[in-house]
Amino acid sequence: MPWVDACGTDDIDAEDLIRFDHGGRTYAIYRSSDDDYFCTDGKCTHEDVHLEDGLVMAYEIECPKHNATFDYRTGEALRAPACVNLNTYKVKVEAGRVLIEI
Amino acid sequence: MGKRDYSMLGADAKRAVETGLAAAEWYHTDIPRKEMKELMQRADGPAIRDTVILFGAMAVFAGLGIALWPTVWSVPFWLAYGVLYGSAMDSRWHECSHGTAFKTRWMNDVIYQIASFCMIRNPHTWRWSHARHHTDTVIVGRDPEIAVMRPVVFAKVVLNLFGVLDTIDGVTRMVKNALGQVGAEEATWIPVSEQPKVIRVARIWVLIYAATAAVAVYTQSILPFMVIGLPRLYGAWHMVMCGLLQHCGLADNVTDHRLNSRTVYMNPISRFIYWNMNYHVEHHMFPMIPYHQLPKAHERFKHDLPAPSLSIAAGYAEILPAMWRQMKNEDYFLRRDLPATAKPYREEFHTAAMPAAE
Numbered sequence: 001m002p003w004v005d006a007c008g009t010d011d012i013d014a015e016d017l018i019r020f021d022h023g024g025r026t027y028a029i030y031r032s033s034d035d036d037y038f039c040t041d042g043k044c045t046h047e048d049v050h051l052e053d054g055l056v057m058a059y060e061i062e063c064p065k066h067n068a069t070f071d072y073r074t075g076e077a078l079r080a081p082a083c084v085n086l087n088t089y090k091v092k093v094e095a096g097r098v099l100i101e102i
Numbered sequence: 001m002g003k004r005d006y007s008m009l010g011a012d013a014k015r016a017v018e019t020g021l022a023a024a025e026w027y028h029t030d031i032p033r034k035e036m037k038e039l040m041q042r043a044d045g046p047a048i049r050d051t052v053i054l055f056g057a058m059a060v061f062a063g064l065g066i067a068l069w070p071t072v073w074s075v076p077f078w079l080a081y082g083v084l085y086g087s088a089m090d091s092r093w094h095e096c097s098h099g100t101a102f103k104t105r106w107m108n109d110v111i112y113q114i115a116s117f118c119m120i121r122n123p124h125t126w127r128w129s130h131a132r133h134h135t136d137t138v139i140v141g142r143d144p145e146i147a148v149m150r151p152v153v154f155a156k157v158v159l160n161l162f163g164v165l166d167t168i169d170g171v172t173r174m175v176k177n178a179l180g181q182v183g184a185e186e187a188t189w190i191p192v193s194e195q196p197k198v199i200r201v202a203r204i205w206v207l208i209y210a211a212t213a214a215v216a217v218y219t220q221s222i223l224p225f226m227v228i229g230l231p232r233l234y235g236a237w238h239m240v241m242c243g244l245l246q247h248c249g250l251a252d253n254v255t256d257h258r259l260n261s262r263t264v265y266m267n268p269i270s271r272f273i274y275w276n277m278n279y280h281v282e283h284h285m286f287p288m289i290p291y292h293q294l295p296k297a298h299e300r301f302k303h304d305l306p307a308p309s310l311s312i313a314a315g316y317a318e319i320l321p322a323m324w325r326q327m328k329n330e331d332y333f334l335r336r337d338l339p340a341t342a343k344p345y346r347e348e349f350h351t352a353a354m355p356a357a358e
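Which chain is which? The protein sequence lines are B and A, in order.
With this note's numbering, the residue at position 18 of the first sequence is 18, and numbering never jumps.
With this note's numbering, the residue at position 69 of the second sequence is 69, and numbering never jumps.
I should point out that these hints are in silico values taken from the structure, not numbers from a laboratory.
Mixed in with the good hints there might be a few duds.
[What the hints assert, rightly or not] Across the chosen pairs, the derived CB separations fall in these ranges: (1) B:T26 x A:A213: 48 to 58 Å; (2) A:A322 x B:T9: 51 to 61 Å; (3) A:V52 x B:D21: 40 to 50 Å; (4) A:A342 x B:D48: 24 to 34 Å; (5) B:N87 x A:P76: 54 to 64 Å; (6) A:R105 x B:R19: 49 to 59 Å; (7) B:R19 x A:L310: 33 to 43 Å; (8) A:D5 x B:R97: 51 to 61 Å; (9) A:L310 x B:T9: 46 to 56 Å.
[Said to hold, decoys possible] Here are the simulated EDC-like cross-link-like pairs (lysine to aspartate or glutamate), alpha carbons at most 20 Å apart as the crow flies: (10) A:K34 x B:D11; (11) A:K103 x B:D71; (12) A:K14 x B:D48; (13) A:K103 x B:D53.
[Claimed, not checked] Not the full set, but computed from the structure, chain B residues with beta-carbon under 10 Å of chain A: (14) E15; (15) H46; (16) E47; (17) D48; (18) C63; (19) V93.
Cβ coordinates follow ideal geometry from the N, Cα and C atoms, glycine included.
Work the whole structure out from these sequences, hints included.
Right under this line is the structure:
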C-alpha cells in the first residue's frame, strides 16, 4: 500500500481531526493531545455521516449526528448506535507532513 | 400530499427513501469549528448537580407522600413526585441517550437506564428510535417519534397528557419483548445484534413490576405503585406540555430544522424539568451540544433561526389553532419567518410542503 501525503502536522489542532479525501474515498485524520497522529475511515459506520464535525475527546471521536463513539486509535465502536468498528490506517510523520498508508 | 401513512413499513416510508428525504443532508447554521468545539465541550458538574437535586427532591416528595398516605395532604407531594418521575425522567432519558449530559460515560449510562425504566421505554429500542428521529426528523414513515400525527386527533393528545397511550404502548412492548418478541416496526431500526439486549432488559423490568405488585398485594395497598409505575401516568403532563412544543403545527417532510422544530423560552423550573430542550431547533441542528450549553448556543445561532416563542403560553397560542386546522387539512402547517440576518430556506428542497404553509 502506498504512503500518501495527507496534510501538514500543523493543519490539525491538538485533540481534533480533519477530513482528507483521496482516490474517491474519504478519511479522518486525528491529532491527539500528545501530538500523535491517527487515521480512520471518514464516515461513521452507523449512517452515512462524516466524522469531520465530530468531537474529539482524549482518544475518542464522537459522531456529530447520533453521538456514536469510536476509539480512533483502534477504530473500535465504543457506543451505540455504532456497532461496527471503523477501519484504521497506518500513519507516519516526516518533515512536518502527515502520511497515511492507504 | 394529503393522507399520510405513518407506518415505518408503509407507502410514505418507501416514498421517503425513493425521493431522497430519508437520511438526507440537513441545513446547518455556519459556525467556525473553534466555536463549535467550545459549545460541544462536555462536563460532569452541571448534570451531577441537577441529578442530586432531582433524586433528592424525588426522595423528599415520595417520603412525604408515603408518610401522609392515604390522606388528602399527600396529594401535593405525589403531584410533585409524579412530575419528576413522569416528566423530568423523560428529559434525562433523552439527554443521556445522546450521551451528552455527563462527560463520564458510565454516569450517562446509569441515568439512562433509570430514566428508561421510569418512562417504560426500552433503553435499547429507544436509543435506535431516537437516532432515527434525528436522522429523519418529522419525515412521515421514517420518524418513529412523531408526537401528533395528521389529521390531529385531540382525544389522543388529551389521553397522553396522562400518559395513557404511551404507557399502554410501553407496557405492551415490554411484555412482548419479555416473551422474546421484537415487533416488525422496531426491527426496522434495531440491529439484529442488539435485539437480545432489548429482550433482557424487558425481562428485568417485568420482574421489578412483579415485585412491586407482590408488595402491593401483601400490603393490600396501591402505595407501592404510587412510587413505581403510576407516576408515569399522573406525572406525564409536563413532558407532554413541553414535548408538543417541539414540532407540532410545523412542517413535515422538510430537511431544515428551522421549518419543523420550535425554540420556546421557558421559566427556570420547566427548564430544569425539561433540561433545556426548549432550545429545540438548536438541539436538532447540533445534537452534540450538551443541554447546559444550549442557552449559549441559542445566543450564538439565533441570528439564523426563526424568532423563538416567548413563553409556553405563546407557543400554544400558535400551536392549538394550527392543530385545529390540521384536523381538517392534513397539509396545513405554520411557516415561521426568518430574520433578515438568516440564510433563507432552500425552497427547492421543500417544494412538496410549501404550498400549504401560512
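Hint-by-hint comparison with the structure:
A hinted range of 48 to 58 Å holds for the C-beta pair B:T26 and A:A213, which are about 54 Å apart. Judged by the Cβ atoms, the range 51 to 61 Å given for A:A322 and B:T9 holds: they are separated by roughly 54 Å. At about 47 Å, the CB distance of A:V52 to B:D21 agrees with the hint of 40 to 50 Å. Between A:A342 and B:D48 the beta carbon distance is about 27 Å. The supplied range of 24 to 34 Å therefore holds.
Restraint check, B:N87 to A:P76: a C-beta distance of roughly 58 Å satisfies the suggested window 54 to 64 Å. Between A:R105 and B:R19 the C-beta distance comes to about 26 Å, which lies outside the given range of 49 to 59 Å. For the pair B:R19 and A:L310, the supplied restraint of 33 to 43 Å holds, since their beta-carbon distance comes to about 40 Å. Against the hinted window of 51 to 61 Å, the Cβ-Cβ separation of A:D5 and B:R97 comes to about 54 Å, which satisfies the hint.
Taking 46 to 56 Å as the suggested C-beta distance range, the pair A:L310 and B:T9 conforms, at roughly 49 Å. For the given pair, A:K34 sits about 13 Å from B:D11 by alpha-carbon distance, which is consistent with the 20 Å threshold. At most 20 Å may separate the alpha-carbon atoms for a hinted pair to count; A:K103 and B:D71 meet this at roughly 16 Å. With a C-alpha separation of about 19 Å, the suggested pairing of A:K14 with B:D48 holds against the 20 Å cut-off.
The suggested pairing of A:K103 with B:D53 holds, with an alpha-carbon distance near 18 Å, which does not exceed 20 Å. Taking 10 Å as the C-beta cut-off, the interface hint given for B:E15 holds, the closest approach to chain A being about 9 Å. Taking 10 Å as the C-beta contact cut-off toward chain A, the hint placing B:H46 at the interface holds, the least distance being around 7 Å. For B:E47, the shortest C-beta to C-beta distance to chain A is roughly 6 Å, which falls under 10 Å, so the interface hint holds.
This hint holds: B:D48 has a C-beta 6 Å from the nearest C-beta of chain A, less than the 10 Å allowed. For B:C63, the interface hint holds, the least distance from its beta-carbon to any beta-carbon of chain A being 9 Å, beneath 10 Å. Checking B:V93 against chain A by beta carbon gives a least distance of about 22 Å; that is not within 10 Å, so the hint is violated.
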